[in-house]
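Enquirer: From first to last, the protein sequence lines are chains A and B.
Start counting the first sequence at 0; every next residue gets the next number (numbering that gives the first Met the number 0).
Start counting the second sequence at 0; every next residue gets the next number (numbering that gives the first Met the number 0).
All the pointers check out, no bait thrown in.
Covered by chain B, per the in silico footprint, the following chain A stretches (three or more residues, Cβ under 8 angstroms):
| # | stretch |
| --- | --- |
| 1 | 131-139 |
| 2 | 171-182 |
Just so you have them, the derived chain A footprint on chain B, three or more residues with Cβ under 8 angstroms:
| # | stretch |
| --- | --- |
| 3 | 387-398 |
| 4 | 401-411 |
| 5 | 416-423 |
Simulated from the structure, these hints should not be mistaken for lab results.
Every residue, glycine too, gets a C-beta built ideally from N, C-alpha and C.
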Amino acid sequence: MTGPTLIQLALALPLAGAAFIALARSRPNLREAVSLATATALCIAVWSLLPEVMAGARPSYELMTLLPGLAIRFTVEPLGAMFAALASLLWIVNTIYSIGYMRGNREQHQTRFYIFFAVSIAATMGIALAGNLLTLFIFYEMLTLSTYPLVAHKGDPQARRGARTYLFILLGTSIGLLLPAMVWTYAVAGTLEFTPGGVLEGNIGDGLAAVLLLLYVLGIGKAAVMPVHRWLPAAMVAPTPVSALLHAVAVVKAGVFTVTKVVIYIFGLDFLAHVPAEKLLVYLAGFTVLAASLVALRQTDLKRLLAYSTVSQLSYVVLAALVLAPLSEIGAAIHIVAHAFGKITLFFAAGAIYVASRKTDVRQFAGIGRRMPWTMIAFTIGAISMIGVPPTAGFVSKWYIIAGAFQADNYFVLAVLAVSTGLNAAYFLPIVFRAFFQDEDQAPPREHGEAPWPMVAALTITAALTLLFFVFNGPVVELEYGILRGRP
Amino acid sequence: MWTAQLPALVIAGPPAAAPVAARRPGASWSWAFAALASAASFAIAMLLALAATEVTAISYAVGSWPPPFGIELRITGFSALLMLIITGASTIALVGGKASLDSDIAPARRHYFYAAWLLAVGGLVGIVASGDAFNIFVFMEVSSLATYILIAAGGNPRALPAVFKYLVMGTIGATFYLIGIGLIYLMTGTLNLVDMETRIHDVTDLKPIYAAVGFVTLGLVLKAGVFPLHVWLPNAYAWSPHVVTAFIAACSTKVSLYVLLRFDFMVFQGSLGGHDLQFAGFLMPLAVLGILVASAVAMTEGHLKRMLAYSSIAQIGYIVLGASLMSVSGLTAGIVHMFNHALAKGTMFLAIAFIATRLTALRLDDIAGIGRRMPWTLGAFLVAAMSLIGLPGTAGFISKWYLVLAALQSGAVGALLVAVVLVSSLMAVYYIWRVVEAAWSSTPGAEAAGAREVPLPMLAVLWTAALASIWFGLQPGLPLALSRSAATYLLGQLQ
Numbered sequence: 000m001t002g003p004t005l006i007q008l009a010l011a012l013p014l015a016g017a018a019f020i021a022l023a024r025s026r027p028n029l030r031e032a033v034s035l036a037t038a039t040a041l042c043i044a045v046w047s048l049l050p051e052v053m054a055g056a057r058p059s060y061e062l063m064t065l066l067p068g069l070a071i072r073f074t075v076e077p078l079g080a081m082f083a084a085l086a087s088l089l090w091i092v093n094t095i096y097s098i099g100y101m102r103g104n105r106e107q108h109q110t111r112f113y114i115f116f117a118v119s120i121a122a123t124m125g126i127a128l129a130g131n132l133l134t135l136f137i138f139y140e141m142l143t144l145s146t147y148p149l150v151a152h153k154g155d156p157q158a159r160r161g162a163r164t165y166l167f168i169l170l171g172t173s174i175g176l177l178l179p180a181m182v183w184t185y186a187v188a189g190t191l192e193f194t195p196g197g198v199l200e201g202n203i204g205d206g207l208a209a210v211l212l213l214l215y216v217l218g219i220g221k222a223a224v225m226p227v228h229r230w231l232p233a234a235m236v237a238p239t240p241v242s243a244l245l246h247a248v249a250v251v252k253a254g255v256f257t258v259t260k261v262v263i264y265i266f267g268l269d270f271l272a273h274v275p276a277e278k279l280l281v282y283l284a285g286f287t288v289l290a291a292s293l294v295a296l297r298q299t300d301l302k303r304l305l306a307y308s309t310v311s312q313l314s315y316v317v318l319a320a321l322v323l324a325p326l327s328e329i330g331a332a333i334h335i336v337a338h339a340f341g342k343i344t345l346f347f348a349a350g351a352i353y354v355a356s357r358k359t360d361v362r363q364f365a366g367i368g369r370r371m372p373w374t375m376i377a378f379t380i381g382a383i384s385m386i387g388v389p390p391t392a393g394f395v396s397k398w399y400i401i402a403g404a405f406q407a408d409n410y411f412v413l414a415v416l417a418v419s420t421g422l423n424a425a426y427f428l429p430i431v432f433r434a435f436f437q438d439e440d441q442a443p444p445r446e447h448g449e450a451p452w453p454m455v456a457a458l459t460i461t462a463a464l465t466l467l468f469f470v471f472n473g474p475v476v477e478l479e480y481g482i483l484r485g486r487p
Numbered sequence: 000m001w002t003a004q005l006p007a008l009v010i011a012g013p014p015a016a017a018p019v020a021a022r023r024p025g026a027s028w029s030w031a032f033a034a035l036a037s038a039a040s041f042a043i044a045m046l047l048a049l050a051a052t053e054v055t056a057i058s059y060a061v062g063s064w065p066p067p068f069g070i071e072l073r074i075t076g077f078s079a080l081l082m083l084i085i086t087g088a089s090t091i092a093l094v095g096g097k098a099s100l101d102s103d104i105a106p107a108r109r110h111y112f113y114a115a116w117l118l119a120v121g122g123l124v125g126i127v128a129s130g131d132a133f134n135i136f137v138f139m140e141v142s143s144l145a146t147y148i149l150i151a152a153g154g155n156p157r158a159l160p161a162v163f164k165y166l167v168m169g170t171i172g173a174t175f176y177l178i179g180i181g182l183i184y185l186m187t188g189t190l191n192l193v194d195m196e197t198r199i200h201d202v203t204d205l206k207p208i209y210a211a212v213g214f215v216t217l218g219l220v221l222k223a224g225v226f227p228l229h230v231w232l233p234n235a236y237a238w239s240p241h242v243v244t245a246f247i248a249a250c251s252t253k254v255s256l257y258v259l260l261r262f263d264f265m266v267f268q269g270s271l272g273g274h275d276l277q278f279a280g281f282l283m284p285l286a287v288l289g290i291l292v293a294s295a296v297a298m299t300e301g302h303l304k305r306m307l308a309y310s311s312i313a314q315i316g317y318i319v320l321g322a323s324l325m326s327v328s329g330l331t332a333g334i335v336h337m338f339n340h341a342l343a344k345g346t347m348f349l350a351i352a353f354i355a356t357r358l359t360a361l362r363l364d365d366i367a368g369i370g371r372r373m374p375w376t377l378g379a380f381l382v383a384a385m386s387l388i389g390l391p392g393t394a395g396f397i398s399k400w401y402l403v404l405a406a407l408q409s410g411a412v413g414a415l416l417v418a419v420v421l422v423s424s425l426m427a428v429y430y431i432w433r434v435v436e437a438a439w440s441s442t443p444g445a446e447a448a449g450a451r452e453v454p455l456p457m458l459a460v461l462w463t464a465a466l467a468s469i470w471f472g473l474q475p476g477l478p479l480a481l482s483r484s485a486a487t488y489l490l491g492q493l494q
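Could you build all of it, start to finish, from the sequences and the hints given here?
Expert: See the structure below:
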């Protein structure tokens with residue numbers, strides 16, 4: 000199949016899947032089978048795009064012309080191809096996990112859950128494959144809206160409150176800051192196409208470009224740079240598979256992905272390098288990395304701890320993108336993958352612990368590693384990846400970011416990375432220690448072992464991916480070198 | 000060619016059908032006839048709109064008396080767009096709203112009600128089709144009187160003070176307009192708008208013309224419900240029969256805005272030095288205030304229909320703001336927003352009319368849980384609401400895009416205007432989400448718990464309207480072409 004057909008498939012499959020899930024609502028087994036089949040088909044379609052992109056082609060498909068000079072167009076380039084491949088792969092694993100979690104927990108409204116999950120994935124594909132900023136924006140908003148029912152899934156007042164914060168911050172930043180930034184870009188540059196080398200050079204003064212960059216970085220609220228990070232902890236009221244979707248597969252990844260796209264293809268590295276206030280944003284991202292880690296240190300609720308860890312890790316990507324060195328851009332891209340594998344493992348583990356033992360507080364975890372060895376070993380691998388120690392995925396991306404920082408002689412970034420590594424170790428290792436080396440304070444109210452097998456299978460797969468990526472990262476790195484090609 | 004007679008058909012059709020609709024009391028027959036007449040007008044309006052994209056203006060001399068001596072009908076892209084809005088809103092409301100109308104209007108009055116409806120449609124279409132200042136006044140009165148009847152036709156006693164307020168203020172507005180054109184007639188000796196435009200150049204003593212500008216502008220601003228002269232609007236919308244709200248909210252204020260723009264941009268602008276700046280300086284602050292204040296009120300309003308009425312006042316502010324930017328893109332934004340807003344707000348009010356067939360009260364507390372009982376109705380409401388907010392992929396996004404673009408191009412004050420537009424979009428998110436949370440609340444109210452979804456044919460009409468908001472968000476070609484031609488036509492006098 001050719002590139003455009005595959006792009007159409009990547010967008011249409013999840014939507015078709017959502018429709019079939021709705022039709023199969025009265026037969027749970029069929030419904031889940033449809034989910035899995037759709038995820039698998041999507042993954043095959045997206046991965047079939049990769050060889051073409053690696054060979055240097057940029058398959059493109061135009062859906063329609065919206066306004067004169069503004070089309071809804073999809074173009075596959077290395078960064079987007081990687082993001083789409085990642086999201087489609089993790090959707091399969093997440094579906095397996097969801098089946099275990101939703102059934103194990105006897106959740107209500109499971110059909111609605113699977114439908115909106117599929118729609119979110121369609122939106123993510125749109126973001127990943129978007130050929131211009133307008134297209135990206137359309138799917139960005141679609142992702143916000145389609146994840147809202149997932150966050151509010153439980154329907155109790157607490158879930159509603161969390162979901163409201165989620166929606167208002169994400170819509171507020173995107174309508175209030177990202178939209179004017181986009182219209183402004185269009186007004187000065189006359190185009191919103193993602194172009195290697197950027198479209199803004201020579202069209203806007205340095206001072207105004209700094210304002211514009213600030214609008215973009217804060218307007219892309221999904222990247223959760225402080226002070227617009229609050230939606231992420233608020234969204235922790237969602238069921239755990241949704242948290243995994245938000246943190247690893249789709250939402251936050253869409254945010255940092257968009258920031259990286261804007262930096263590389265709208266501003267262009269060479270142009271940004273002499274925008275004066277660009278440094279300020281590096282400091283803002285650096286501050287977020289450290290501040291979020293400090294907040295995470297004080298959390299006792301595992302999911303909230305992981306949420307702040309995500310805020311911190313996302314700013315790694317933003318920071319790396321803003322270092323503006325070629326190697327750091329590659330580091331930014333790879334960290335999207337590395338963090339996804341690690342963080343989804345951690346969330347899967349958190350959900351497995353909850354389903355098996357109803358425990359959410361890390362102070363209750365003493366001895367739990369002996370009851371749930373698979374889960375906790377996977378958790379440990381994820382944690383090590385967050386810290387960035389070999390032999391895990393986190394080390395690979397950190398390597399490239401550090402190399403980039405050296406290329407740009409940016410010692411601030413190096414210092415941030417060093418301190419952050421220490422902080423990550425400080426809040427993850429005590430949990431691991433407690434789980435494996437302390438005895439249970441008291442016997443749990445009911446005996447339990449591992450969570451249902453689909454959950455254990457899912458988290459074992461993602462933990463394995465975290466380890467494997469340390470060794471087999473070659474193709475991804477090679478693919479991402481493509482984003483540096485075509486620069487003037 | 001029979002197509003040459005279309006302008007005459009579109010304004011004569013509905014009023015001619017009115018007495019026929021009034022002939023047979025009681026039965027559904029008058030409803031069917033009104034809906035049919037309305038649909039026929041809609042079809043003609045579509046033909047005219049397609050024709051209007053080809054030429055600047057279609058001129059029709061009534062009784063073959065050539066203008067400026069005879070009465071001229073003048074169909075421009077602008078009037079064709081408004082005609083689409085009027086006849087489209089009327090058709091959708093009538094076809095989809097039968098069940099709601101049956102429960103709101105007493106059987107003994109029904110046939111008169113449909114006659115009044117057709118007169119209102121005829122009057123509104125007449126205003127936008129006419130090329131003659133006095134005829135515009137006559138049609139304005141026809142449509143206003145018919146609208147008062149429509150608003151008061153339901154059983155709700157609260158509609159009576161509301162309609163009385165509307166009547167008093169509407170009459171003041173119409174009188175101001177009449178005084179204004181009287182003064183112009185005094186100085187130019189003509190009532191034909193195109194003729195007026197050229198003759199006003201020869202007027203040496205401009206003082207009466209200045210007075211006329213004041214009277215005409217103020218009178219129309221009052222009728223259009225521009226802040227702070229909007230006080231008649233919320234109650235008139237809130238207490239009228241629900242389907243009537245869907246119809247008038249979509250088109251009646253926009254028709255007054257049409258006349259306003261026609262006069263201020265074309266008749267006055269060419270001759271009066273600096274009038275454009277005065278106009279912008281007068282209307283821009285009103286627009287900004289209207290957008291912010293009305294949105295803020297909507298955020299606190301507990302009654303569903305009053306909330307949307309205040310939202311309408313804010314949206315009128317958008318249209319006026321676009322016009323007051325005095326640029327092609329600004330005017331395009333304002334005019335295309337007339338269309339997009341009519342589509343969204345009409346759909347939302349129609350959805351509310353459907354909800355009202357199941358519930359007696361429409362406060363936010365009363366609709367708790369209705370979204371679970373009537374998911375399709377509320378779903379259509381939500382789609383239209385997204386267009387109102389201006390989310391990408393909907394028609395509202397197109398107008399917002401042009402408005403922000405025009406504001407950015409208008410210099411230093413532009414950034415401030417962008418902020419106003421975007422802040423009010425966020426306020427819209429807030430008041431819409433209050434509805435969503437109430438509608439999908441897990442603790443349904445007593446009435447809502449027993450509510451059932453409306454039948455499929457009604458849903459089909461509602462969803463046609465809702466999906467039109469998506470369609471024109473992705474394929475904005477026709478409304479944009481008409482708006483752009485209207486904008487260049489209006490601004491042509493400036494260059």
